Amino acid sequence: MAGIHLDNVTKYFGKFRAVDGLSLDIDDGEFLVFVGPSGCGKTTTLNMIAGFEDISSGVIKIGDVDVTDREPGERDLGMVFQNLALFPHMTVKDNIEFGLLIKKVPAAEVAARFQAVVETMKIEPLITKRPGQLSGGEAQRVALARTIVNNPTAFLMDEPLSSLDAKLRVEMRTELKRLHSTLKSTFVYVTHDQAEAMTMADRIAVMDQGRIQQVGGPLDIYRYPVNIFVAGFFGVPAMNFIEGAIEASDGSPAFRAKNIVQKFNGSTQLRAGIDVTLGVRPESIELVSERGAGVGTVNLTEPLGDETLLFIDYGGDGNLIVKTDPYNQTRPGDRISFRFKDEGVRLFDKSSGDSIEL
Amino acid sequence: MAQAYGMTRSRKSFFAKTSSYMFLLFWLFVTLFPIFWMVSTSFKPPQEWFAWPPIWIPVEPTINNYEEILAIGPGGTGSENTKLAGAQQVLTAILPIRDSLIVAIISSTIAVVLGSFLAYTISRYQTGGKRYPYILLMIRMMPPIVIAVPVLAYFSLPWWRGALHDNYLGLILPYVLITLPYAVWLMLSFMHEIPRELENAARMMGAGRILVMRKVIIPLIRPGLAVTFIFTFILNWSEFLLAYTLAGQKLVTVTVQLSQYEAADVGRLYGPQAAFGTIAIIPLIILGFMIQKHLVTGFSFGMVRK
Numbered sequence: 000m001a002g003i004h005l006d007n008v009t010k011y012f013g014k015f016r017a018v019d020g021l022s023l024d025i026d027d028g029e030f031l032v033f034v035g036p037s038g039c040g041k042t043t044t045l046n047m048i049a050g051f052e053d054i055s056s057g058v059i060k061i062g063d064v065d066v067t068d069r070e071p072g073e074r075d076l077g078m079v080f081q082n083l084a085l086f087p088h089m090t091v092k093d094n095i096e097f098g099l100l101i102k103k104v105p106a107a108e109v110a111a112r113f114q115a116v117v118e119t120m121k122i123e124p125l126i127t128k129r130p131g132q133l134s135g136g137e138a139q140r141v142a143l144a145r146t147i148v149n150n151p152t153a154f155l156m157d158e159p160l161s162s163l164d165a166k167l168r169v170e171m172r173t174e175l176k177r178l179h180s181t182l183k184s185t186f187v188y189v190t191h192d193q194a195e196a197m198t199m200a201d202r203i204a205v206m207d208q209g210r211i212q213q214v215g216g217p218l219d220i221y222r223y224p225v226n227i228f229v230a231g232f233f234g235v236p237a238m239n240f241i242e243g244a245i246e247a248s249d250g251s252p253a254f255r256a257k258n259i260v261q262k263f264n265g266s267t268q269l270r271a272g273i274d275v276t277l278g279v280r281p282e283s284i285e286l287v288s289e290r291g292a293g294v295g296t297v298n299l300t301e302p303l304g305d306e307t308l309l310f311i312d313y314g315g316d317g318n319l320i321v322k323t324d325p326y327n328q329t330r331p332g333d334r335i336s337f338r339f340k341d342e343g344v345r346l347f348d349k350s351s352g353d354s355i356e357l
Numbered sequence: 000m001a002q003a004y005g006m007t008r009s010r011k012s013f014f015a016k017t018s019s020y021m022f023l024l025f026w027l028f029v030t031l032f033p034i035f036w037m038v039s040t041s042f043k044p045p046q047e048w049f050a051w052p053p054i055w056i057p058v059e060p061t062i063n064n065y066e067e068i069l070a071i072g073p074g075g076t077g078s079e080n081t082k083l084a085g086a087q088q089v090l091t092a093i094l095p096i097r098d099s100l101i102v103a104i105i106s107s108t109i110a111v112v113l114g115s116f117l118a119y120t121i122s123r124y125q126t127g128g129k130r131y132p133y134i135l136l137m138i139r140m141m142p143p144i145v146i147a148v149p150v151l152a153y154f155s156l157p158w159w160r161g162a163l164h165d166n167y168l169g170l171i172l173p174y175v176l177i178t179l180p181y182a183v184w185l186m187l188s189f190m191h192e193i194p195r196e197l198e199n200a201a202r203m204m205g206a207g208r209i210l211v212m213r214k215v216i217i218p219l220i221r222p223g224l225a226v227t228f229i230f231t232f233i234l235n236w237s238e239f240l241l242a243y244t245l246a247g248q249k250l251v252t253v254t255v256q257l258s259q260y261e262a263a264d265v266g267r268l269y270g271p272q273a274a275f276g277t278i279a280i281i282p283l284i285i286l287g288f289m290i291q292k293h294l295v296t297g298f299s300f301g302m303v304r305k
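If you're matching them up, the sequences are chains A and D in order.
For the first sequence, numbering that gives the first Met the number 0 begins at 0 and goes up steadily by one.
For the second sequence, numbering that gives the first Met the number 0 begins at 0 and goes up steadily by one.
Read the hints as simulated data drawn from the structure, not as lab findings.
All clues given are correct.
Facing chain D, according to a computed beta carbon distance under 8 Å, are these residues of chain A, among others: (1) F80; (2) H88; (3) F97.
Here the structure is a predicted model, which means the values were calculated and not measured.
Note that the Cβ used here is the ideal one computed from N, Cα and C, for glycine as well.
So that you can see chain A by itself, here it is in the shape it has in the complex (with noise of 0.2 Å):
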């Protein structure tokens, strides 16, 4: 079991840069999940760390050993693939003793590994199968068995559920934890979705155009991102963003745009002058009966059952997106109040997209 690290890492596809000098320290144990838009350089950054992709430049190192010039098979590293890979003219036991046979590990030890891989993915019926015959989620238990039965030092998954069913693919990622927990090695998980990314993450690196934008846990990132990017990026339905500017007001300062005002008490950092987004999140502003931030009219309801959805029209530009509890009686068409609590409040320059502290 063992590290990652990137030191400095880049790579260009002709002229195009995909991965602009990306530098992370992957801790022995971890999962870390590289989340971010398609064409943000997180498959890449797999591929760099597996092999498949030469380096344009940088440093990668699995432990203490330099691996950026070895081998996708001599880095002792396990991957599990988007499409699983598992060649579909063998039976499911000649899938998994195939690293194994290649290794010429000797034929008990193979037997004695291939059997307690089977118990633990609990995929005994499945042996003489072959790939063709298998449902998702068992061709994605098997993925999974012939890739933990060599033993690597890490564990790499290029978004290895995004061709489930919803339902199957929250059952995937509890298992994926669990393996986690029990084999106790470093997994590297590339995925767009932001749920998986919250859900299954000891940390997450947000990636876009090449670059990691910011590091994290999970609740870190989805309270304090670092720009407007990672703000946008986590949560659904997204936070709501504000243009306007930082103006003075009886001393303190406070953020203006059309039909918003919200004061900042006790805040000596920000400077009058400034434009700036205001970022909000849904769940961050409250229905109030005198006036708070602003006013607006409810322009649609969209019930969910276990909450409610209502979107304002508050005089400025699109709708203001806010979560309420599923009891709330608000119509389309009602006049209302709201505030933003002053914790979900969130201030982004606005040319160059950074949070600004309050």
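Given the coordinates of chain A, work out where chain D should sit on it, guided by the hints.
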């Protein structure tokens, strides 16, 4: 009014359908009639070969033509029947069939092996660039007649010491050349079907490139190898121009031999020629039926994007 419109539409489609079927039937007749005539003639005695009005079905069917070309019974200097037709000798089929088999099998095997490796690198590493497969095919669109005489001149040069003229090697090399583009195209379609992740998974588990080919790629493209081999075999078996130009004296293939049944020294031996032709096309018909489904897949891969 709607009813009237519907009637006009169904009348139009009836006409369209009928005329397409009639055209297809006509073309079927045009294509199959020569084969029918050849098979029919192969069972006719000499007096029926040139009969007018034509005899469609042999009145006195005989297998004598087959006996002669397969050198069963009186052969060599010709039987009574061929003397009746004015022939001095009969050309037999066994040696040309043997030579065609040797040339076609060896050149097809080489084309399939080389084509598979090239298809692999094109599929995985874009060898030669994006347009390379199309360039290969374009080269093949040049008619072989353009190269027949230059190749003959080149192969006849003294430094080859006759190693390339009128023998197996001298025909196998050009046959590999002209079938390789087809082999690459067919194998490309099968290579594209294999997800790259399968190789990556094998490499991850420690397999080197040769092992990946042996254990992962080749088992999965086996049907493709068979289809490509049969396709190139059919092309090589049927090839006439290069066989006639680059060989024809010591090395006589089926196609060249077939062409020599009408000559001054043998006369017009329609019966034995028809018998030989019938035998020559049997392997093509069988093999063609075996692979027809796969050929559609193979040649349409460029048109359907996944």
